[in-house]
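Asks: The residues making up each chain are set out below.
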Amino acid sequence: MIVAERKPLDEINAMLKGYRRVLTVGCGTCVAVCLAGGEKEVGVLNAELQLVRKVNGDPIELGAACVERQCDMEFLDPLEVLVDHYDAILSMACGAGIQFLAERFAEVPVFPAVDTTFIGANRDVGWYEEKCRACGTCVLGMTGGICPVTMCAKGLFNGPCGGTNNGSCEISNDQPCAWYRIYERLAQQNRLANIMEIHPANEWRNQTPRTLVQAGYRRRKEALAS
Amino acid sequence: MELKSGSNLEKMLRAGHFAFTGELGPPRGANVDAVREKAKPLKGMVDAVNITDNQTAMVRMSSWAASLIAIEEGLEPNYQMVCRDRNRLAMQSDILGSYALGIRNMLCLSGDHQQFGDHPRSKSVYDIDSTQLIQMVKGMRDEGRFQGGADIDGRPNMFIGAAANPFADPFEWRVHRLAKKVQAGADFIQTQCIFNMDKFRRWIQQANDMGLTEKVYILAGVTPMKSIGMARYMKTKVPGMDVPEAIIKRLQGVDKKKVADEGIQIACEQIAEFKELKGVAGVHLMAIEWEHKVPEIAERAGMLPRPTV
Numbered sequence: 001m002i003v004a005e006r007k008p009l010d011e012i013n014a015m016l017k018g019y020r021r022v023l024t025v026g027c028g029t030c031v032a033v034c035l036a037g038g039e040k041e042v043g044v045l046n047a048e049l050q051l052v053r054k055v056n057g058d059p060i061e062l063g064a065a066c067v068e069r070q071c072d073m074e075f076l077d078p079l080e081v082l083v084d085h086y087d088a089i090l091s092m093a094c095g096a097g098i099q100f101l102a103e104r105f106a107e108v109p110v111f112p113a114v115d116t117t118f119i120g121a122n123r124d125v126g127w128y129e130e131k132c133r134a135c136g137t138c139v140l141g142m143t144g145g146i147c148p149v150t151m152c153a154k155g156l157f158n159g160p161c162g163g164t165n166n167g168s169c170e171i172s173n174d175q176p177c178a179w180y181r182i183y184e185r186l187a188q189q190n191r192l193a194n195i196m197e198i199h200p201a202n203e204w205r206n207q208t209p210r211t212l213v214q215a216g217y218r219r220r221k222e223a224l225a226s
Numbered sequence: 001m002e003l004k005s006g007s008n009l010e011k012m013l014r015a016g017h018f019a020f021t022g023e024l025g026p027p028r029g030a031n032v033d034a035v036r037e038k039a040k041p042l043k044g045m046v047d048a049v050n051i052t053d054n055q056t057a058m059v060r061m062s063s064w065a066a067s068l069i070a071i072e073e074g075l076e077p078n079y080q081m082v083c084r085d086r087n088r089l090a091m092q093s094d095i096l097g098s099y100a101l102g103i104r105n106m107l108c109l110s111g112d113h114q115q116f117g118d119h120p121r122s123k124s125v126y127d128i129d130s131t132q133l134i135q136m137v138k139g140m141r142d143e144g145r146f147q148g149g150a151d152i153d154g155r156p157n158m159f160i161g162a163a164a165n166p167f168a169d170p171f172e173w174r175v176h177r178l179a180k181k182v183q184a185g186a187d188f189i190q191t192q193c194i195f196n197m198d199k200f201r202r203w204i205q206q207a208n209d210m211g212l213t214e215k216v217y218i219l220a221g222v223t224p225m226k227s228i229g230m231a232r233y234m235k236t237k238v239p240g241m242d243v244p245e246a247i248i249k250r251l252q253g254v255d256k257k258k259v260a261d262e263g264i265q266i267a268c269e270q271i272a273e274f275k276e277l278k279g280v281a282g283v284h285l286m287a288i289e290w291e292h293k294v295p296e297i298a299e300r301a302g303m304l305p306r307p308t309v
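First to last, the sequence lines map onto chains A and B.
Here my numbering is used: the first residue of the first sequence is 1, the next is one more, and so on.
Here my numbering is used: the first residue of the second sequence is 1, the next is one more, and so on.
Please keep in mind that the hints were generated in silico from the structure rather than gathered at the bench.
Glycine included, each C-beta is placed from N, C-alpha and C at the ideal position.
A few of these clues could be false.
What the hints assert, rightly or not - What follows is a list of derived Cβ distance ranges for each label pair:
no., chain 1, residue 1, chain 2, residue 2, range
1, B, F116, A, T117, 18 to 28 Å
2, A, W127, B, G144, 22 to 32 Å
3, A, N194, B, K235, 31 to 41 Å
4, A, D58, B, G148, 48 to 58 Å
5, B, G148, A, D87, 48 to 58 Å
6, A, D174, B, G302, 37 to 47 Å
7, B, P307, A, M196, 33 to 43 Å
8, B, F116, A, E197, 38 to 48 Å
9, A, S172, B, G148, 27 to 37 Å
Same shape as in the complex, but just chain A (with noise of 0.2 Å):
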């Protein structure tokens, strides 16, 4: 899931400085399970919104919605009887749902409340670890489920580097040599071979915004294109 973290309320007050009628708006689905930007994190950080404004002297009008996926334009339709009654939208969704939000509300100023951080995997109840960066050529099958890319602090395709510590990254002692792992997996599993030749430069596909049409929608999207 996309994992992501709310920002500090400093900065979300910093933000909305001048508005007066805020829209906060949450995501039923990843922020929502990783605990940023759910129903209950919206109706937190508006309570804490609203004490700080009334503290300052400047009070504000918080409303609350959350949707199922703000990365949905469908999902966005309830909220069009609502937004025009606010000055500003305050999303709790990851960068998706934030653009898209912006996109459907043009006329609305929409703010972010979280950064979103990476997609990651849950590894105990609020804690989560990175596990991905999207680069668009999976090599996890060649690595035995380790991800280079990700899991190594340099990105090596063909390490370990002459950094690694007893297992452990040379960035620190907390983080574990990703190819380190990958080498003890390997020989676990008999496939050393995968990695004694050398992998060639990646032709990297994530240096440019991408756009995905699966196979069989490539003709519907044709059609709404025209």
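On the provided structure of chain A, position chain B as indicated by the hints.
Replies: For chain B alone, coordinates are given in the frame of chain A:
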């Protein structure tokens, strides 16, 4: 046999001489005199001098520029290039430019992570890794092609170097990683500083057994310890470094004023062994911020005079 680059280092190694290379770290500024000062004691003492590239991720005078100053001072540079700071476009243009201005050796490295340096929140590049960099330079030189496939007008005939760390984990993998760098096109290897001789002997034995030392010249990395503090620091703080307790004990066993001398003595003993060790083609001396001591070390290690080729 036709030379690949015609560099002094290549000629020395091809002629079967035991090579001796040094190191020079460019200054944290545009101080040309600082480079000249460091270069002077190295002249005539070593066959080539590594010019480091923003080492420890601290901004320094560019390695190609300091390499050119080294040439003016009568040294042959071994131009270091790390993958951290440049993408393949910048790397290839720097390779062409440095070759055009007389640089003939280069060392292809990953580079220390930027977190260690003075711009810890900078964006690293790592468009390609060190093995892929070796491949790219070889392609430019031997096939006259850019990494992207287009023809090059004027090939950069570099003598291609790479690093190897026999002491990083997992030990069993290190020789295979060396093999990958050889397969990629490395002509010579400079190793990480060697302190654990037992482990190094095992590693070079593996390289001999795999036939790698017949395909690549391996220069053993030697760093004289200046103090007990330096030895402790390298043991505990430098990732991938293996400093046996016996080294520290030996330095502790001499009079305080003689510690640096003992450090040089250890280095000389290592060099003496490397000269006899099958598979070792030379020594890379990393006298860190101790360039002025290189003549003394070279003399005591019996490396002088340097042969001319």
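Asks: Each hint should be assessed against the structure and marked as holding or not.
Replies: Structure-based check of each hint:
For F116 (chain B) and T117 (chain A), the Cβ-Cβ distance of about 23 Å falls inside the hinted range of 18 to 28 Å, so the restraint holds. For W127 (chain A) and G144 (chain B), the Cβ-Cβ distance of about 53 Å falls outside the hinted range of 22 to 32 Å, so the restraint is violated. For N194 (chain A) and K235 (chain B), the Cβ-Cβ distance of about 34 Å falls inside the hinted range of 31 to 41 Å, so the restraint holds. Separated by about 57 Å at the C-beta atoms, D58 (chain A) and G148 (chain B) satisfy the suggested range of 48 to 58 Å.
At roughly 51 Å, the beta-carbon separation of G148 (chain B) and D87 (chain A) lies within the given 48 to 58 Å, and the hint holds. For D174 (chain A) paired with G302 (chain B), a C-beta distance near 46 Å keeps the hint of 37 to 47 Å intact. P307 (chain B) and M196 (chain A) have their C-beta atoms about 38 Å apart, which keeps the hinted 33 to 43 Å range intact. In this structure the hint that F116 (chain B) and E197 (chain A) lie 38 to 48 Å apart at CB is violated, the actual value being about 31 Å.
Under the hint 27 to 37 Å, the C-beta atoms of S172 (chain A) and G148 (chain B), about 35 Å apart, fit the expected range.
Against the hints set out earlier in the document, violations occur for numbers 2, 8.
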